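Number of protein chains: 2
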Amino acid sequence: MENRLSKKLFWRSACFTLSFIFTLTLNVSAQTKEHETDATFIDRIYDQSLTDGRCYPWLEFLSLQIGHRLSGSPGAAKAVNWTKSMLDTLGLDSVWLQPCMVPHWVRGEPEQVRLIGSKKNGTFPLAALALGGSVAGKVQADVVEVDSWEQLDQLGAAGKLKGKIAFYNRPMDPTKIRTFEAYGGCVDQRVGGASRASKYGAVAVLVRSMTLRLDDFPHTGTMHYDSAYTLIPAAAISTIAAEALSQTLREEGRAKVSIQLNCKTLPDAPSFNVIGEIRGSDRPNDIILVGGHLDSWDVGHGSHDDGAGVVQSMDVLRVLKTLGYRPRHTIRCVLFMNEENGLRGGKAYAKEAARKGEFPLASIESDAGGFTPRGFSFEGDESVFGKFFEKLTTYESHFAPYGLQFRKGGSGADISPLRGMKGLLSGYSPDSQRYFDYHHAESDTFDKVNKRELELGTASMAALVYLIDKYGL
Amino acid sequence: MENRLSKKLFWRSACFTLSFIFTLTLNVSAQTKEHETDATFIDRIYDQSLTDGRCYPWLEFLSLQIGHRLSGSPGAAKAVNWTKSMLDTLGLDSVWLQPCMVPHWVRGEPEQVRLIGSKKNGTFPLAALALGGSVAGKVQADVVEVDSWEQLDQLGAAGKLKGKIAFYNRPMDPTKIRTFEAYGGCVDQRVGGASRASKYGAVAVLVRSMTLRLDDFPHTGTMHYDSAYTLIPAAAISTIAAEALSQTLREEGRAKVSIQLNCKTLPDAPSFNVIGEIRGSDRPNDIILVGGHLDSWDVGHGSHDDGAGVVQSMDVLRVLKTLGYRPRHTIRCVLFMNEENGLRGGKAYAKEAARKGEFPLASIESDAGGFTPRGFSFEGDESVFGKFFEKLTTYESHFAPYGLQFRKGGSGADISPLRGMKGLLSGYSPDSQRYFDYHHAESDTFDKVNKRELELGTASMAALVYLIDKYGL
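Protein sequences appear in the order of chains A and B. The numbers in the first sequence follow my numbering, run straight up by one, and end at 473. The numbers in the second sequence follow my numbering, run straight up by one, and end at 946.
Hints in this document: simulated from the structure, not taken from any laboratory. It is possible that part of the hints are untrue.
Straight line, CA to CA, 27 Å or less: simulated DSSO-like cross-link-like pairs of lysine-lysine [said to hold, decoys possible]:
hint, chain 1, residue 1, chain 2, residue 2
1, B, Lys649, A, Lys176
2, B, Lys943, A, Lys448
3, A, Lys470, B, Lys506
4, B, Lys921, A, Lys176
5, A, Lys448, A, Lys176
6, B, Lys829, A, Lys448
7, A, Lys119, A, Lys199
8, A, Lys33, B, Lys921
9, B, Lys593, B, Lys649
10, A, Lys321, B, Lys921
11, B, Lys943, A, Lys176
12, A, Lys448, A, Lys387
13, B, Lys794, B, Lys737
14, B, Lys943, B, Lys506
15, A, Lys264, A, Lys138
16, A, Lys162, A, Lys138
17, A, Lys176, B, Lys506
18, A, Lys33, A, Lys470
In silico negatives: residues of chain B with every beta carbon more than 12 Å from chain A [unchecked claim]:
hint, residue
19, Asp561
20, Met574
21, Lys611
22, Gly657
23, Tyr673
24, Arg752
25, Pro890
26, Arg907
Every beta carbon over 10 Å from chain B, so not counted as near; a handful from chain A, in silico [claimed, not checked]:
hint, residue
27, Thr89
28, Ser94
29, Phe124
30, Glu150
31, Pro174
32, Thr265
33, Asp268
34, Asn285
35, Gly324
36, Pro401
37, Gly403
38, Gly409
39, Phe446
Treat the numbers as computed from the prediction; the structure is a model and nothing was measured. Every residue gets a Cβ at the ideal spot worked out from N, C-alpha and C, and that includes glycine.
Isolated chain A (complex conformation) (with noise of 0.2 Å):
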């Protein structure tokens, strides 16, 4: 009885086993298949992106034809109807301009920021910008060196600010691999600032440029005032000038500086995101988006920050089209306006998306530049979250051949309006070595961009967008 028991079961087993091999097996060689033919068509998106890529023309023609672009700027609608034009010819679903009202506000003339009398080097100027929102302003004071805020609130509770120009010098960290990191560690001495010293009665401040390198390039950038304290001028300074200065107070005991910023903020103006689609044939309403934005600032030719990001969102439909690919969702890329100084476009557009009930089911931000391609990173909503990334690891695999890896971290800004509708949320990273060499300042040119990086860029994006649109999330 036991015999054939053991007899029965072991066929039993048997037969379970061998189906389940069967069946595991036909599993595996359909997926290994399946797997085969994401890695032609990827390859297939990359070949097309490195032999008829239009991102680097188009770069090319943003920035030396229509160079910077700060909201609301002549520049800013020259890039608006020439990006929408380009975007017509393409032969997407739909392309449409998405209205939004944007912050006004420009340089006039150029600053002038002069170490006053020094015993040692005389008067000499220091090579400035005025912060993006800065009032205007003609002041000559002395200057004190703050590096940190809690020697801010000692010198402002002394009374030693008062009627001083505050000088924040701490540098980004060197040590830091990913630069975004030391810029995250700094850039709060150029947001807030001004009303911090404000409030301790300083006339001015000066800060030193968000960058690693050792040069003489100012580099602007957004900054805000607290309404409840007076608003005084803000410049920043090279990181040449800014070692002058602090040399000077450190040798000669003081340093004494005038400031003269003759910008102005206009009234609000209307302005425009950039739209276009491919219609998904089967979840038309879900979105995956592909998107840089259009504004810079107002030096240099916005080349990395974020033409770069600009014209791989619009060559990414591009490739998609040019090898005939008909998605299940529906691909748009989005140039968003006024990330720089305002957001008004990001937050249109996640407004817009609400009101039309559409569930953003992956957006993809190029915003860190044109350089060669290391990953991305993902951000969503928890509940959803853990779902898409066990599959972003088989996805992953995908881009081994071509050098990029995929972590969780922070997207990008004009996508994060998105972050309360629970879709998947990524920012392309590329190398970040180089960025903020240029970031904000006139040395971000055309030239600094590589065609090839660039083109990996749009390769990889699209790559993405391929992935998330045959498997869904």
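Since chain A is already given, all that's left is putting chain B on it; use the hints.
Relative to chain A, chain B alone:
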């Protein structure tokens, strides 16, 4: 009985399991602690390099004060003396010059290559550089474009190359993600093209420059003659010139070109490898080598090829010395002479190492530019290689925070003569996208090198040296 046996077995196995778990826990905890110690030291290496690195100012001097340094040239002699004098300041255990005779080829008066009497464009210059090793010559003849070896043989067999200039125009393949593969796929035209065309009666050769960019910089490089055939002049032309020449042939059916090269091969000249070392406390005869090559082509500054590898190798020793690291094995920096056109330095080094009975435990070459680190490639004798790689996978985890990955693959030309001695050979692999933009061209200048990218390379090499020194292979 059966019951008692079961119990006994149960307790035995329980005791064994517990003691196993205990030992395992101890081991794992010891390993974790060791891993942390290593991670901390590697962090210090990166911090040292990024805050106090010397490689960048050294490269500035080598590039701007010495400049290019082809074997046998005054620049090469200066570079030998100056790098030795820098190594002398580092408090190493020994610094010395290792003699070797090197080829001495000189370009002479600038070459002149002109397209003659095009119907559409008249006569105009083609940007050209004689290939290293070419004979001088003055010829004027019709051009025949050659895009493959098969085509060459067909044209040759049909007598169509007789008295003609062969124009090799097979481009680098832009779809290769690693640009070195694309280079490997067409450099045969430059190296062997002259004699293969001379065999069929060609009077000179022009070669499309080995670059992925479309610009007007010709890229030189070494070539070899087969003494069985007449030695004919050979020059590289820029990709723009190659496109113009090809278009003329396509549109007008023929193109005539005049070539004048003024180069000369002089008798071999005496030169040196420059070597410095920190002597190992435990196994001084086992050598961990870091190196690059001191010579360059006779154009530009040779900053990426291979000034970067030179200063990084020097700085690896300085970083370890500054951190007070006392190595078990001898850590040696070797600045090889004559990689570009003879490899005499590499051969002399290997010969001397064999004579002294040294074991080249690990040799790491940096000769792929000073760009952001992407990883290391490894090759070695199969009989020892297996062991190596198990540990290397553990080592690799230490590089994850810095974005480096390991792979099997080629190492470097200068260390290749060590291959027979069964040590580990490694190539430092920076990002390759921009390398061939500048390789062997006037545009390989100091301003193309980013300080942080260079310093990160130094740190990566120093970290690998540290791990190999600590754990052996």
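Taking the minimum C-beta separation from Pro401 of chain A to chain B, is that value above 10 Å? Not fine: 7 Å to the nearest Cβ puts Pro401 of chain A too close to chain B.
For Lys611 of chain B, which was marked as not at the interface, is the minimum beta-carbon distance to chain A over 12 Å? Given that every Cβ of chain A is farther than 12 Å from that of Lys611 of chain B, nearest at about 37 Å, it holds.
Is the claim that Tyr673 of chain B lies outside the interface with chain A correct, judged by CB distances over 12 Å? 32 Å, holds
Distal placement of Asn285 of chain A relative to chain B, Cβ over 10 Å: 36 Å, holds
Does the claim that Gly409 of chain A lies outside the interface with chain B hold up, using a Cβ gap greater than 10 Å? Gly409 of chain A clear of chain B: closest Cβ-Cβ about 14 Å, beyond 10 Å.
Holds or violated: Lys162 of chain A and Lys138 of chain A, Cα atoms, limit 27 Å. Distance of about 16 Å is within 27 Å: holds.
Satisfaction of hint between Lys448 of chain A and Lys829 of chain B, Cα-Cα up to 27 Å: 49 Å, violated
Least C-beta distance between Phe124 of chain A and chain B, which was stated to exceed 10 Å: Nearest chain B Cβ is 25 Å from Phe124 of chain A, so the label holds.
Holds or violated: Lys921 of chain B to Lys176 of chain A, with C-alpha atoms at most 27 Å apart: 22 Å, holds
Are Lys119 of chain A and Lys199 of chain A close enough, with their CA atoms no more than 27 Å apart? 31 Å, violated
Could you grab the alpha-carbon distance between Lys321 of chain A and Lys921 of chain B and see if it respects the 27 Å cut-off? 36 Å, violated
Non-interface claim for Pro174 of chain A, where every Cβ of chain B lies beyond 10 Å: The assertion about Pro174 of chain A is violated, with a minimum of 5 Å to chain B.
Violated hints for the displayed structure, listed by number in ascending order: 1, 2, 3, 6, 7, 8, 9, 10, 12, 13, 26, 31, 36, 37.
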